[in-house]
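All chains should be built: construct the whole structure from the sequences, respecting the hints.
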Amino acid sequence: MDRRVVDEQGCVWYRLGALPGVASITYGVDRAGSNLQGGVPLLQAGHISDGSIRVHQPASISQEEHAACTRSWLHAGDVVIVLVGRVGDAAVVTPGEHDWNAARSVGVVTCTEQGRRDGIGSWVSYWLRSPAARAWCLEHSAGTARASLSVTALRDLPVPMPPTADRTQIHDLLRVIDEKKAVNELIAECAVKLAGAYFADIPATELSRDRATLADVAKVSTGLARPTRDDRSPAVGWVTSAEVLQSAFPHLDQVARVIAASSEHIVQPGSLLVASTPGGVQTVETLVPVIPSRGMLAVSPFHESDRMWLLHDLRARASELVLTAQGRQARELSRGIFEQQTVRWPDQAVRESFGCIAGPLHERAKLVTAENRTLGSLARAAWRGMTPPSDWPPGDS
Numbered sequence: 130m131d132r133r134v135v136d137e138q139g140c141v142w143y144r145l146g147a148l149p150g151v152a153s154i155t156y157g158v159d160r161a162g163s164n165l166q167g168g169v170p171l172l173q174a175g176h177i178s179d180g181s182i183r184v185h186q187p188a189s190i191s192q193e194e195h196a197a198c199t200r201s202w203l204h205a206g207d208v209v210i211v212l213v214g215r216v217g218d219a220a221v222v223t224p225g226e227h228d229w230n231a232a233r234s235v236g237v238v239t240c241t242e243q244g245r246r247d248g249i250g251s252w253v254s255y256w257l258r259s260p261a262a263r264a265w266c267l268e269h270s271a272g273t274a275r276a277s278l279s280v281t282a283l284r285d286l287p288v289p290m291p292p293t294a295d296r297t298q299i300h301d302l303l304r305v306i307d308e309k310k311a312v313n314e315l316i317a318e319c320a321v322k323l324a325g326a327y328f329a330d331i332p333a334t335e336l337s338r339d340r341a342t343l344a345d346v347a348k349v350s351t352g353l354a355r356p357t358r359d360d361r362s363p364a365v366g367w368v369t370s371a372e373v374l375q376s377a378f379p380h381l382d383q384v385a386r387v388i389a390a391s392s393e394h395i396v397q398p399g400s401l402l403v404a405s406t407p408g409g410v411q412t413v414e415t416l417v418p419v420i421p422s423r424g425m426l427a428v429s430p431f432h433e434s435d436r437m438w439l440l441h442d443l444r445a446r447a448s449e450l451v452l453t454a455q456g457r458q459a460r461e462l463s464r465g466i467f468e469q470q471t472v473r474w475p476d477q478a479v480r481e482s483f484g485c486i487a488g489p490l491h492e493r494a495k496l497v498t499a500e501n502r503t504l505g506s507l508a509r510a511a512w513r514g515m516t517p518p519s520d521w522p523p524g525d526s
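To convert a position in the sequence shown, counted from 1, into the working numbering, add 129.
It is worth saying that the hints were derived from the structure and are not from the lab. Predicted model, so just to flag it, every value in this text is computed and none were measured. A portion of the hints provided could be inaccurate.
Said to hold, decoys possible - Lysine-lysine pairs mimicking DSS-like chemistry, simulated, CA-CA at most 27 Å apart:
(1) LYS348 x LYS495
(2) LYS322 x LYS495
(3) LYS309 x LYS495
(4) LYS309 x LYS322
Said to hold, decoys possible - Across the chosen pairs, the derived CB separations fall in these ranges:
(5) GLN243 x ALA326: 20 to 26 Å
(6) CYS319 x ALA371: 21 to 27 Å
(7) VAL417 x CYS319: 22 to 28 Å
The beta-carbon is built from N, C-alpha and C at its ideal position, and this holds for glycine as well.
Laid out in structure tokens, this is it:
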């Protein structure tokens with residue numbers, strides 16, 4: 130089998146499995162992690178997002194399980210790829226994840242020592258974020274409810290290796306974009322944390338003065354298992370619990386899926402979306418019209434001036450509110466139970482004063498997050514015109 134194809138622009142295309150600098154491609158351990166004391170951290174698909182690895186409290190496997198699955202040991206400079214769900218999402222392993230293991234839903238591209246020195250992992254990770262590579266991964270995935278990309282298919286992924294000067298130019302541009310996005314993420318993180326610190330600093334005497342139920346101060350509505358299609362209505366985002374739970378910041382400005390559905394189920398921008406896991410409840414503000422999926426709740430404040438207060442009160446009580454969730458995995462929120470929960474409700478002057486402080490901080494976070502969307506579009510444009518050859522994959526030589 131021929132290992133490569135050269136296109137009309139002189140770009141050499143390799144199968145990922147035959148790319149110089151790649152040692153092996155495999156998947157992780159076929160076992161769910163747990164909160165095991167002294168275990169080996171387990172990288173899961175949910176930790177990989179937008180070209181980065183974000184882990185707060187990783188699950189673990191035992192040292193014995195880790196030793197029995199050496200094929201998926203992680204080394205700094207290797208590439209990890211989501212194989213189930215958001216197929217093709219990829220990131221480079223950092224020193225922070227060195228010597229971890231990976232879950233079954235994660236593909237592991239182990240690089241040779243020379244490949245790590247040459248930055249092959251970084252190039253592959255960037256390529257997997259390109260429109261052409263994402264489309265290829267989806268096209269070669271199986272499954273209807275959740276897309277699944279096999280390691281066999283992943284090994285056949287076409288990877289371009291343009292002339293060195295062109296490759297360096299693309300790589301440097303994407304690196305600068307990533308660095309700017311990282312700065313923006315830090316700005317957003319600090320702004321949100323500062324708003325939370327202001328909330329935590331409000332005197333206890335003010336917080337304990339009055340309380341109200343959620344039903345007193347907001348409309349609480351439930352999500353839908355699947356919206357009824359209505360082609361006469363405009364398309365609107367259908368947000369899932371996973372999208373809320375995986376949101377890095379308390380603002381949601383885009384969703385993966387849109388559907389034409391009746392306007393009566395649409396939640397307007399400024400509403401709060403609440404989703405639950407056994408570890409706690411996550412609350413975010415939606416910046417776009419959406420329809421929440423089953424198990425979630427939407428909280429729409431009666432007064433716009435109370436939005437910031439409600440957002441921070443609900444986020445501050447995440448571990449407490451999870452007790453209202455139902456189901457084996459605590460993923461179903463009951464509107465009847467939730468809207469009877471009490472919220473701290475000092476007088477209007479206190480709530481509005483906090484909103485005047487927190488509001489601009491959140492707006493700053495939203496601004497740099499929006500800028501990162503633009504930078505993402507610029508990164509995708511860097512690959513314009515670079516698509517796999519029409520005679521891919523290479524045939525028998």
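Need the list of violated hint numbers for this structure, in ascending order.
5
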